[in-house]
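K.L.:
What follows is each chain in one-letter form.
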Amino acid sequence: MPSNDPQPPVNVRLGQDSRISGPDAFKRYFSQREIGLSVGERSWADGTRFAVGLDGVVVIGSDCYLNDCVLLAELEIRIGDHVMIGWNTTVSDSDFHPIAPAERIQDAIALSPLSKGTPRPSIARKPVIIGDDVFIGPACTILKGVSIGAGAFVEPGSVVTRDVPAGAHVRGNPAAIVSADETA
Amino acid sequence: MPDRTLAHDWYDGVIPDNVVFDDTNFIETSYSFRRFRSRAKDALKLGRGAAIYSNSGFDLGPDARVEIGDFAMVNGAEIVCDESIRIGDYALISWNVLLIDNCRAPRSAAQRRAYVAAILRNNSRAIGFQTRARPIVIGANVWIGHDCVVLPGVTIGQGSIVGARSVVVESVPEFAVAAGNPARVIRRLGDAH
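So the protein lines, in turn, are chains A and B.
In case it helps, the working numbering puts the first sequence at residues 1 to 184.
In case it helps, the working numbering puts the second sequence at residues 1 to 193.
It should be emphasised that the hints constitute simulated quantities derived from the structure, not laboratory data.
A virtual CB, placed ideally from N, CA and C, is assigned to each residue, including glycine.
Check the hints yourself; a few may be wrong.
As the list claims (entries may be wrong) - So the derived label-pair ranges between C-beta atoms look like this:
hint: 1; chain 1: A; residue 1: Thr90; chain 2: B; residue 2: Ser108; range: 43 to 49 Å
hint: 2; chain 1: B; residue 1: Gly153; chain 2: A; residue 2: Ala166; range: 23 to 29 Å
hint: 3; chain 1: A; residue 1: Lys27; chain 2: B; residue 2: Arg107; range: 34 to 40 Å
hint: 4; chain 1: B; residue 1: Ala40; chain 2: A; residue 2: Pro121; range: 55 to 61 Å
hint: 5; chain 1: A; residue 1: Val10; chain 2: B; residue 2: Pro173; range: 55 to 61 Å
hint: 6; chain 1: B; residue 1: Arg39; chain 2: A; residue 2: Pro9; range: 53 to 59 Å
hint: 7; chain 1: A; residue 1: Gln7; chain 2: B; residue 2: Ala40; range: 25 to 31 Å
hint: 8; chain 1: B; residue 1: Arg4; chain 2: A; residue 2: Glu34; range: 53 to 59 Å
hint: 9; chain 1: B; residue 1: Gly180; chain 2: A; residue 2: Arg28; range: 27 to 33 Å
hint: 10; chain 1: A; residue 1: Ala166; chain 2: B; residue 2: Asn18; range: 42 to 48 Å
hint: 11; chain 1: A; residue 1: Glu103; chain 2: B; residue 2: Arg39; range: 43 to 49 Å
hint: 12; chain 1: A; residue 1: Glu34; chain 2: B; residue 2: Thr5; range: 49 to 55 Å
hint: 13; chain 1: A; residue 1: Thr90; chain 2: B; residue 2: Tyr31; range: 20 to 26 Å
hint: 14; chain 1: B; residue 1: Arg184; chain 2: A; residue 2: Thr90; range: 53 to 59 Å
As the list claims (entries may be wrong) - One side only, chain B facing chain A, incomplete, derived with CB under 8 Å:
hint: 15; residue: Lys41
hint: 16; residue: Ile119
hint: 17; residue: Leu151
hint: 18; residue: Gly153
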């Protein structure tokens, strides 16, 4: 492992020949789970930022190549084997803030310098599951609760808000299946 | 023939020999060429008065050719090219725009598995791995707003505008305003103006 790769926190499990590079990989990694990040074998997260909350878990399979993307996990992001994710892509399993206006005021106060440890209101979160052999192009956004089926191809710049069936080819915001004539 | 090192450069690099430019051009930094691998003759040609500002990047495969027209401005865009990208005269390309003529990932999941394995084995991108590039043509006088993505095979007609953060998946006619993801024509511009 090159010496300038970041030292992973103690609850990160990195499989044989896997590598995490980039100075900001763990800048926003706060997971207190027994294993907060687990990576299979021969995978490379190059410039990927793991923004993992206290209860968050990220599981990445083997033989994956993740470029400069951001994984925001408050609950769980699960990525299969042979997955490729392009740069500037964001994968998030939460909404970051409450939807209800009154709760959002509470959240703003809890996050402020004056909060003195006020707990934040609960925030909607649902796991994101990315299947084996999925390709996610650069500049995509994958929202909470989404499952992307094995072998799916997500075009650059897509915003995935709903489940993608296995083997599907999607693009757009919200991402929709590209019909056969458009792929020609 | 201008010097291939830039006097004002913060990065310790040189402009590749197959980049054609002259004293009327402005290139902010040689850092833009860190992923430049084209061996084609005149792989990148800059028109008279064209400018390449910092945060721009030329990720060019071995056979890639990019042409940038007279007085065109590339203000921090990433150009990923394996075959051909042409940018017309007076075009304005904003920051974080991605012009990509080849997604470089096979559509078939089985082939993609081999592709990802090749990248991991070589510790570098397996350039042009059996995927077909489809050239991009940006017409003269086109303005592309910030954070847009232009996908392979797209032609944008002269005089058109692409709104910020759009994703252009199919060609845009001339003198139109297109926006959204996927981008749709939302207005026509009179060519007389």
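K.L.:
Determine for every hint whether it applies to the structure shown.
P.N.:
Hints, one by one, checked against the model:
1. A:Thr90 <-> B:Ser108: 43 to 49 Å: violated, 26 Å
2. B:Gly153 <-> A:Ala166: 23 to 29 Å: holds, 26 Å
3. A:Lys27 <-> B:Arg107: 34 to 40 Å: For Lys27 (chain A) and Arg107 (chain B) the Cβ distance comes to about 35 Å; the hint holds.
4. B:Ala40 <-> A:Pro121: 55 to 61 Å: With a Cβ separation near 57 Å, Ala40 (chain B) and Pro121 (chain A) satisfy 55 to 61 Å, so the hint holds.
5. A:Val10 <-> B:Pro173: 55 to 61 Å: holds, 58 Å
6. B:Arg39 <-> A:Pro9: 53 to 59 Å: violated, 43 Å
7. A:Gln7 <-> B:Ala40: 25 to 31 Å: violated, 42 Å
8. B:Arg4 <-> A:Glu34: 53 to 59 Å: holds, 55 Å
9. B:Gly180 <-> A:Arg28: 27 to 33 Å: holds, 31 Å
10. A:Ala166 <-> B:Asn18: 42 to 48 Å: Taking Cβ atoms as reference, Ala166 (chain A) and Asn18 (chain B) lie about 43 Å apart, which means the hint holds.
11. A:Glu103 <-> B:Arg39: 43 to 49 Å: violated, 58 Å
12. A:Glu34 <-> B:Thr5: 49 to 55 Å: holds, 53 Å
13. A:Thr90 <-> B:Tyr31: 20 to 26 Å: holds, 25 Å
14. B:Arg184 <-> A:Thr90: 53 to 59 Å: With a Cβ separation near 24 Å, Arg184 (chain B) and Thr90 (chain A) fall outside 53 to 59 Å, so the hint is violated.
15. Lys41: Violated - the Cβ of Lys41 (chain B) stays beyond 8 Å from chain A, reaching only about 29 Å at its closest.
16. Ile119: At 5 Å from the nearest chain A Cβ, Ile119 (chain B) passes the 8 Å test, so the hint holds.
17. Leu151: holds, 6 Å
18. Gly153: Status violated, d = 10 Å.
Checked against the numbered hints above, the structure violates hints 1, 6, 7, 11, 14, 15 and 18; every other hint is satisfied.
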